[in-house]
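Number of protein chains: 2
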Amino acid sequence: MSDTTSPALQTALAYYQAWTSHDIDKAMSYIADDIVCDTPAGRLEGAEAYRAFMGPFVQIVTGAEMIAAFGDDETALVMYDTHTVPVASAPGAEYVTVKDGKINYSRFVFDRAPFDAARNAAS
Amino acid sequence: MSDTTSPALQTALAYYQAWTSHDIDKAMSYIADDIVCDTPAGRLEGAEAYRAFMGPFVQIVTGAEMIAAFGDDETALVMYDTHTVPVASAPGAEYVTVKDGKINYSRFVFDRAPFDAARNAAS
Numbered sequence: 001m002s003d004t005t006s007p008a009l010q011t012a013l014a015y016y017q018a019w020t021s022h023d024i025d026k027a028m029s030y031i032a033d034d035i036v037c038d039t040p041a042g043r044l045e046g047a048e049a050y051r052a053f054m055g056p057f058v059q060i061v062t063g064a065e066m067i068a069a070f071g072d073d074e075t076a077l078v079m080y081d082t083h084t085v086p087v088a089s090a091p092g093a094e095y096v097t098v099k100d101g102k103i104n105y106s107r108f109v110f111d112r113a114p115f116d117a118a119r120n121a122a123s
Numbered sequence: 124m125s126d127t128t129s130p131a132l133q134t135a136l137a138y139y140q141a142w143t144s145h146d147i148d149k150a151m152s153y154i155a156d157d158i159v160c161d162t163p164a165g166r167l168e169g170a171e172a173y174r175a176f177m178g179p180f181v182q183i184v185t186g187a188e189m190i191a192a193f194g195d196d197e198t199a200l201v202m203y204d205t206h207t208v209p210v211a212s213a214p215g216a217e218y219v220t221v222k223d224g225k226i227n228y229s230r231f232v233f234d235r236a237p238f239d240a241a242r243n244a245a246s
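Going down the list, the sequences are from chains X and D. According to the numbering used here, the stretch in the first sequence is residues 1 to 123, in order. According to the numbering used here, the stretch in the second sequence is residues 124 to 246, in order.
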């Protein structure tokens, strides 16, 4: 499943390992200061905005399994399932570009609908 | 981006080419009769259910670009952006397993929220 000869995938997997272990500081060590990230809600720019996006999510993650992971020299693509406090199964996919061991672009795809529904049910 | 030495990816890309060209019959020629497909809304089983899921979506697609595509002997993982009538940018990711040139399992990840919002706005 994982071609660990891909430098970009190595970074993507180390990043995944960190955030799924709730270690946001370590996760951020793989994120470039000038990261650009396209999320379902729009574009984020810079590590501070990225941390503000990922931090709250990491706190509600209770588990994760990698579904598939591929990469080449400069890019990687992963899909995983996550288990979270409000949503039992919340799969996501991430495409990243990596430079000098840091993710400088990422595109996230995940379904916001169950999170919206959980929020509406709670309010 | 695309490792076309991967047989599974060849099938996934041929399938992608067909449905983004609005050719649902050709797209279905790459789908196994006993396909199992996990979508954001739940699990579908069998080609008929799959076609009922993809058919309406294919009709509203106005364009698509592949973002990343990888594969190995039996699996492939792709991420693409689609342009649709109700939602200008609707990226998705698909993990597939392929046997004998046909997709027999797929997992879709995409954001239902903008489609829900467009439907609510129209009603």
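Errors might be hidden in some of the hints.
[Stated by the list, open to error] Listing some non-contacts, in silico: residues in chain D with all C-beta distances to chain X over 10 Å:
hint	residue
1	Phe-180
2	Thr-198
3	Asp-239
[Unchecked claim] Which chain D residues face chain X? A few, computed with CB under 7 Å, are given here:
hint	residue
4	Gly-165
5	Phe-176
6	Val-184
7	Gly-186
8	Met-189
9	Phe-193
10	Met-202
11	Ala-216
12	Asp-234
13	Ala-236
[What the hints assert, rightly or not] Now the in silico label distances, taken between C-beta atoms and shown as ranges:
hint	chain 1	residue 1	chain 2	residue 2	range
14	X	Phe-53	D	Asp-239	15 to 23 Å
15	D	Asp-148	X	Ala-121	21 to 29 Å
16	X	Gly-46	D	Ser-212	15 to 23 Å
17	X	Val-36	D	Glu-168	36 to 44 Å
18	D	Lys-149	X	His-83	32 to 40 Å
Read the hints as simulated data drawn from the structure, not as lab findings. The structure displayed is predicted, hence computed values, not measured ones. Backbone N, C-alpha and C define an ideal beta-carbon position, used for all residues, glycine too.
Problem - chain X contact restraint for D:Phe-193 - C-beta distance below 7 Å - result: With a minimum Cβ separation of about 3 Å from chain X (threshold 7 Å), the hint on D:Phe-193 holds.
Is the shortest C-beta separation between D:Met-202 and chain X less than 7 Å?
holds (5 Å)
**OP:** With a cut-off of 7 Å on the beta carbons, see whether D:Gly-165 makes it to chain X.
**Re:** Violated, because the Cβ-Cβ distance from D:Gly-165 to chain X comes to roughly 10 Å (cut-off 7 Å).
*Is the gap between the beta carbons of D:Lys-149 and X:His-83 within 32 to 40 Å?*
holds (37 Å)
Handout entry: Outcome for the supplied range 15 to 23 Å, where the beta carbon pair is X:Phe-53 and D:Asp-239
Key = Given a distance of about 21 Å, which is inside 15 to 23 Å, the answer is holds.
Item checked: Closest C-beta approach of D:Met-189 to chain X relative to 7 Å, hint status -> Constraint on D:Met-189 not satisfied, violated at 11 Å.
- Message: Next item in the hint list is D:Ala-236. Is there a CB on chain X closer than 7 Å to its CB?
- Response: This hint holds: D:Ala-236 lies near chain X, its Cβ roughly 4 Å from the closest one there, short of 7 Å.
Next item on the list: Determine whether the non-interface label on D:Asp-239 survives the test: each CB of chain X must be over 10 Å from its CB.
Entry: At about 6 Å from chain X, D:Asp-239 fails to clear the 10 Å cut-off, so the statement is violated.
36 to 44 Å as the expected CB spacing between D:Glu-168 and X:Val-36, which holds or is violated: Check passed, 39 Å falls within 36 to 44 Å.
Does the nearest C-beta of chain X fall within a distance shorter than 7 Å of the C-beta of D:Phe-176?
violated (15 Å)
With a cut-off of 7 Å, does the beta carbon of D:Asp-234 approach a beta carbon of chain X closely enough for the hint to hold?
This hint holds: D:Asp-234 lies near chain X, its Cβ roughly 4 Å from the closest one there, short of 7 Å.
Worksheet item: Should the hint that D:Ala-216 touches chain X count as held when the rule is a Cβ pair under 7 Å?
Response: holds (3 Å)
In terms of the numbered hints stated before, the structure departs from hints 2, 3, 4, 5, 6, 7, 8, 15, listed from lowest to highest.
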